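K.L.:
Fit chain B to the known structure of chain A by using the hints.
First to last, the sequence lines map onto chains A and B. Numbering-wise, the first sequence is residues 1 to 500 according to this note's numbering. Numbering-wise, the second sequence is residues 1 to 500 according to this note's numbering.
Rather than coming from a laboratory, the hints here were simulated on the basis of the structure. Warning: the hint list may mix true and false statements.
Identical chains blur together in the list; that is why a pair holds if it fits in one copy or across any two.
[Stated by the list, open to error] Dumping the calculated BS3-like pairs for lysine-lysine here, alpha-carbon to alpha-carbon at most 25 Å:
#: 1; residue 1: K439; residue 2: K103
#: 2; residue 1: K270; residue 2: K480
#: 3; residue 1: K436; residue 2: K103
#: 4; residue 1: K169; residue 2: K299
#: 5; residue 1: K480; residue 2: K73
#: 6; residue 1: K436; residue 2: K73
#: 7; residue 1: K439; residue 2: K73
Nothing here was measured: the structure is a model prediction, and the numbers come from that model.
Protein chains: 2
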Amino acid sequence: MATGRRLHEALSGRRLTRLEYEHALPRLQDALLDAQFTLARSRKHAVVMIVTGIPAAGRSEVVNELLGWLDPKLATVYGFHAPNDVERERPTLWRYWRLLPPKGRIAILHGGWYQDLLLGAAGLGVKTGSSPAQLRQGVARVRQLEQMLVRDGMVVCKVHLHVAPATQKKRLVRLQANKTTRWRVTQEDRWLARHYRPVERAFERTLAATDQPLAPWHVVDGTDSQHRAFEVGRQLLAAVQHADDAVPRSRNASKKAVVSAAIRARFATKPAGDALSDEEYEAELERLQGRLALLSRRKRFERHAVVAAFEGMDAAGKGGAIRRIIAALDARQFRVVPISAPTPEELARPYLWRFWFQLPPRGHYTLFDRSWYGRVLVERVRGFAQAPDWQRAYDEINEFERQLAEHRVIVAKFWLAVSREQQLERFAERDRNPLKRFKVDPEDRVNRRHWAAYQRAAQDMLARTDTPHAPWTIVPADDKRRARLTVLRALGDCIEAALD
Amino acid sequence: MATGRRLHEALSGRRLTRLEYEHALPRLQDALLDAQFTLARSRKHAVVMIVTGIPAAGRSEVVNELLGWLDPKLATVYGFHAPNDVERERPTLWRYWRLLPPKGRIAILHGGWYQDLLLGAAGLGVKTGSSPAQLRQGVARVRQLEQMLVRDGMVVCKVHLHVAPATQKKRLVRLQANKTTRWRVTQEDRWLARHYRPVERAFERTLAATDQPLAPWHVVDGTDSQHRAFEVGRQLLAAVQHADDAVPRSRNASKKAVVSAAIRARFATKPAGDALSDEEYEAELERLQGRLALLSRRKRFERHAVVAAFEGMDAAGKGGAIRRIIAALDARQFRVVPISAPTPEELARPYLWRFWFQLPPRGHYTLFDRSWYGRVLVERVRGFAQAPDWQRAYDEINEFERQLAEHRVIVAKFWLAVSREQQLERFAERDRNPLKRFKVDPEDRVNRRHWAAYQRAAQDMLARTDTPHAPWTIVPADDKRRARLTVLRALGDCIEAALD
Numbered sequence: 001m002a003t004g005r006r007l008h009e010a011l012s013g014r015r016l017t018r019l020e021y022e023h024a025l026p027r028l029q030d031a032l033l034d035a036q037f038t039l040a041r042s043r044k045h046a047v048v049m050i051v052t053g054i055p056a057a058g059r060s061e062v063v064n065e066l067l068g069w070l071d072p073k074l075a076t077v078y079g080f081h082a083p084n085d086v087e088r089e090r091p092t093l094w095r096y097w098r099l100l101p102p103k104g105r106i107a108i109l110h111g112g113w114y115q116d117l118l119l120g121a122a123g124l125g126v127k128t129g130s131s132p133a134q135l136r137q138g139v140a141r142v143r144q145l146e147q148m149l150v151r152d153g154m155v156v157c158k159v160h161l162h163v164a165p166a167t168q169k170k171r172l173v174r175l176q177a178n179k180t181t182r183w184r185v186t187q188e189d190r191w192l193a194r195h196y197r198p199v200e201r202a203f204e205r206t207l208a209a210t211d212q213p214l215a216p217w218h219v220v221d222g223t224d225s226q227h228r229a230f231e232v233g234r235q236l237l238a239a240v241q242h243a244d245d246a247v248p249r250s251r252n253a254s255k256k257a258v259v260s261a262a263i264r265a266r267f268a269t270k271p272a273g274d275a276l277s278d279e280e281y282e283a284e285l286e287r288l289q290g291r292l293a294l295l296s297r298r299k300r301f302e303r304h305a306v307v308a309a310f311e312g313m314d315a316a317g318k319g320g321a322i323r324r325i326i327a328a329l330d331a332r333q334f335r336v337v338p339i340s341a342p343t344p345e346e347l348a349r350p351y352l353w354r355f356w357f358q359l360p361p362r363g364h365y366t367l368f369d370r371s372w373y374g375r376v377l378v379e380r381v382r383g384f385a386q387a388p389d390w391q392r393a394y395d396e397i398n399e400f401e402r403q404l405a406e407h408r409v410i411v412a413k414f415w416l417a418v419s420r421e422q423q424l425e426r427f428a429e430r431d432r433n434p435l436k437r438f439k440v441d442p443e444d445r446v447n448r449r450h451w452a453a454y455q456r457a458a459q460d461m462l463a464r465t466d467t468p469h470a471p472w473t474i475v476p477a478d479d480k481r482r483a484r485l486t487v488l489r490a491l492g493d494c495i496e497a498a499l500d
Numbered sequence: 001m002a003t004g005r006r007l008h009e010a011l012s013g014r015r016l017t018r019l020e021y022e023h024a025l026p027r028l029q030d031a032l033l034d035a036q037f038t039l040a041r042s043r044k045h046a047v048v049m050i051v052t053g054i055p056a057a058g059r060s061e062v063v064n065e066l067l068g069w070l071d072p073k074l075a076t077v078y079g080f081h082a083p084n085d086v087e088r089e090r091p092t093l094w095r096y097w098r099l100l101p102p103k104g105r106i107a108i109l110h111g112g113w114y115q116d117l118l119l120g121a122a123g124l125g126v127k128t129g130s131s132p133a134q135l136r137q138g139v140a141r142v143r144q145l146e147q148m149l150v151r152d153g154m155v156v157c158k159v160h161l162h163v164a165p166a167t168q169k170k171r172l173v174r175l176q177a178n179k180t181t182r183w184r185v186t187q188e189d190r191w192l193a194r195h196y197r198p199v200e201r202a203f204e205r206t207l208a209a210t211d212q213p214l215a216p217w218h219v220v221d222g223t224d225s226q227h228r229a230f231e232v233g234r235q236l237l238a239a240v241q242h243a244d245d246a247v248p249r250s251r252n253a254s255k256k257a258v259v260s261a262a263i264r265a266r267f268a269t270k271p272a273g274d275a276l277s278d279e280e281y282e283a284e285l286e287r288l289q290g291r292l293a294l295l296s297r298r299k300r301f302e303r304h305a306v307v308a309a310f311e312g313m314d315a316a317g318k319g320g321a322i323r324r325i326i327a328a329l330d331a332r333q334f335r336v337v338p339i340s341a342p343t344p345e346e347l348a349r350p351y352l353w354r355f356w357f358q359l360p361p362r363g364h365y366t367l368f369d370r371s372w373y374g375r376v377l378v379e380r381v382r383g384f385a386q387a388p389d390w391q392r393a394y395d396e397i398n399e400f401e402r403q404l405a406e407h408r409v410i411v412a413k414f415w416l417a418v419s420r421e422q423q424l425e426r427f428a429e430r431d432r433n434p435l436k437r438f439k440v441d442p443e444d445r446v447n448r449r450h451w452a453a454y455q456r457a458a459q460d461m462l463a464r465t466d467t468p469h470a471p472w473t474i475v476p477a478d479d480k481r482r483a484r485l486t487v488l489r490a491l492g493d494c495i496e497a498a499l500d
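Pulled out of the complex, with its shape left as it was, chain A reads as follows (with noise of 0.2 Å):
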């Protein structure tokens, strides 16, 4: 759709000739078939394709004869109620990014992620709200949204069906009429229908807000049942075919991050100060651990949750700073996530995916042993991304992050630095220890051999992602004892200052 266009517009009134429907639908159909197999086959790309319209344009109609032409074991179709509990305790993306299909798959959503903002510009908007301001933001995350998943390789195919008043009418009227087919038509669907014209203006605003190159809007005349679903199928057909071309071609290398002195000497690895005496330790740590105990029972916590991330090289001891941490909570409260390699099941969606998924509810903990910040660290230093993906990683982690922000989560971030002696050290002791050798793996002998280029890598990071809704906490951690307590005091501190 050329941004500006209006709606209307697209009613040519079309219909499909004997000559077409008998001629052109079958090749079509074959078309489409032969598309999804080379999709399931390649399994380069998935697709999304979102179903949006005004009420009685024939969305459901549309999608039930999309199905009959595909096949279902490669497609499914997600309808969405209002969020339930579980759905609205996380970011409002949360219910979408749960059902992205892995590559060689197909998802044809009724309204998606436009649901909400299409009934929210039209002042209908119980969720998402309606002020401006928010409808600017629900605009924003879409947009990147689908940046991130058209960059990631998948197709996002965005149909909108509309008729004339005239038609909208007598299609609601009619449904009405008859008692089988009269709950089709909901209050707000009444509503909309008698704000014909405010509301078309107001989806008009919201397609061409989100119309973007990667993710164009298909505006498609309702009018006629088959011409329509012949019309969508079409789009379908060529989101699927083009899928390779729908990735745009990386921009000009990002600009160099500017790692100043400044952001160097903060990955010190050895603490100020003298080391702790055992009574000293214990006290300070017991002392941290029931305020944080304390900050985890209040009131005010209920209304947020808590996402922290433990990065560092091998033996930094992210591991033995976050069983500190759970010994403070309530067993019920936080679940422990350490991130290996991705399964296949995790490598056929996009990377943020896998973190989506495990994202707290209210007034709970999710702590992970090692992040989403792989991306820009291992996969950067040993090869596993290709450049562009882990140089566009530092936009998506901010912008994932603020979802996490705007919905009340507290994300705290520590890097553990740790010198290269001290790891030898703390390998050595691995390797003599043999309760230990769990933690001995021959990839951290290869890790090791890459120091500068981590070093490197995590100073980008810090340059590129220490923003105010999501700080950094670097923490020298050549003193084990030290540097839980470093952790324990900075992770009490982001919590106490959400809740104040």
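P.N.:
Positioned in the frame of chain A, the structure of chain B alone reads:
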């Protein structure tokens, strides 16, 4: 635990000597790590450890201690709140099914499926209720669950921590005296402590009732913190090491199902009466779809859900029948789940796992295009499941469907009976028609060669799983249109009966 043994008999008051602590403990940790790696490497078993106990017996402390000994990448801990929306809408055991670990891994459950049961027995049953009948039902459900899990290669290790009333009281007072630990003592804990004797008795009875050779209880004295962790660790070790012995010898060949002439007669493939004209078909289809639409909108329907399973030989018309049903439904109200060979993820769990995952919330439909009956059909006929495994599946399936029915889920099962000649005709048509080529699968020809074996398997299935709460409808399917009408009519009848 020997059935009928009293809990207080486990209170030896034993403590670890310094010698034991310094020598035995590292050896236990060592053996646990070894066992964990063997478990992960062989991928023959998963382990579920359930930790229960009276308040202040040290449940959380023991679990945290244990976690420090294990490789956290291969073990996950779960605690449970009161069920949320999404969980309340499914059968009681759903939340536990969802997190069953895959083979090779350990899950440690705080309370797990005993949480509600023990509280209920003590008279605090909120969700499950505390009437003798409800408790008996709960006990039976849990016993059957554990039998199934163990026979599917899972090790179920159950530990109950106990302390004397004086110890309990002292600990609760100490916890309450400190503001950072006060929250750990819930109102429930205080109630249970005030009623120590009757609670102890109630727990004894529940443990005795759920103690079975394949999943015995171990009662551990919680008085000394080192001793109790050591004991629980030993039980876990023993469970993992003897995983292979946990599976009971397969019982004697299950009694042959009596497949009577009456049952065979029900598999007629030709419907009685004449073929329908186009007009008759369309009119009746619309009438039945309208009825289904109305039933699905009734207020009462919101208290139920529908699980429908479609089985039949290839080309019997399952997909076509399903499409006629969903045409009558709100797009947000149903999900169609096509079942094919299990993924590696699914193979690593008990075979019913992937079906539990798909259960609908209240007011919704899940339509399975093939189902859990694959276990006693294709897996039996083609030898993908061992005889003892598919033989016990009848009972397991009946239990699964009983739990659905108890939860007011309407279970409708359809066998579409097509004749061998008609199937061949449909295969030929698929070969001719390129638009149906996605339905052509070389496996279909292989299955066709096993025709007689499939028919026998289907008859056994009917004889053993045609229960009052989940009856089969055998649909003569040589006439596609009349088959669809039969399915729609039977499904409507099922729902109507449940609502009235």
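K.L.:
If a hint holds in the structure, say so; if it does not, say that too.
P.N.:
So, going through the hints one by one against the coordinates:
1. Proximity of K439 to K103 under the C-alpha cut-off of 25 Å is restricted to the inter-copy arrangement: shortest distance 21 Å between copies versus 33 Å within a copy.
2. For a Cα distance limit of 25 Å, the shortest separation of K270 from K480 inside one copy, 10 Å, qualifies, whereas the shortest one across copies, 77 Å, does not.
3. For a Cα distance limit of 25 Å, the shortest separation of K436 from K103 across copies, 23 Å, qualifies, whereas the shortest one inside one copy, 38 Å, does not.
4. With identical chains, the CA atoms of K169 and K299 are never at most 25 Å apart, being 50 Å at best within one copy and 27 Å at best between copies.
5. Taking the shortest alpha-carbon separations for K480 and K73, only the inter-copy value of 21 Å comes in at or below 25 Å, while the best intra-copy value is 52 Å.
6. For the identical chains of this complex, K436 and K73 are inter-copy neighbours only, at 13 Å across copies versus 46 Å inside a copy, given an alpha-carbon limit of 25 Å.
7. For a Cα distance limit of 25 Å, the shortest separation of K439 from K73 across copies, 10 Å, qualifies, whereas the shortest one inside one copy, 42 Å, does not.
Checked against the numbered hints above, the structure breaks only hint 4 and satisfies the rest.
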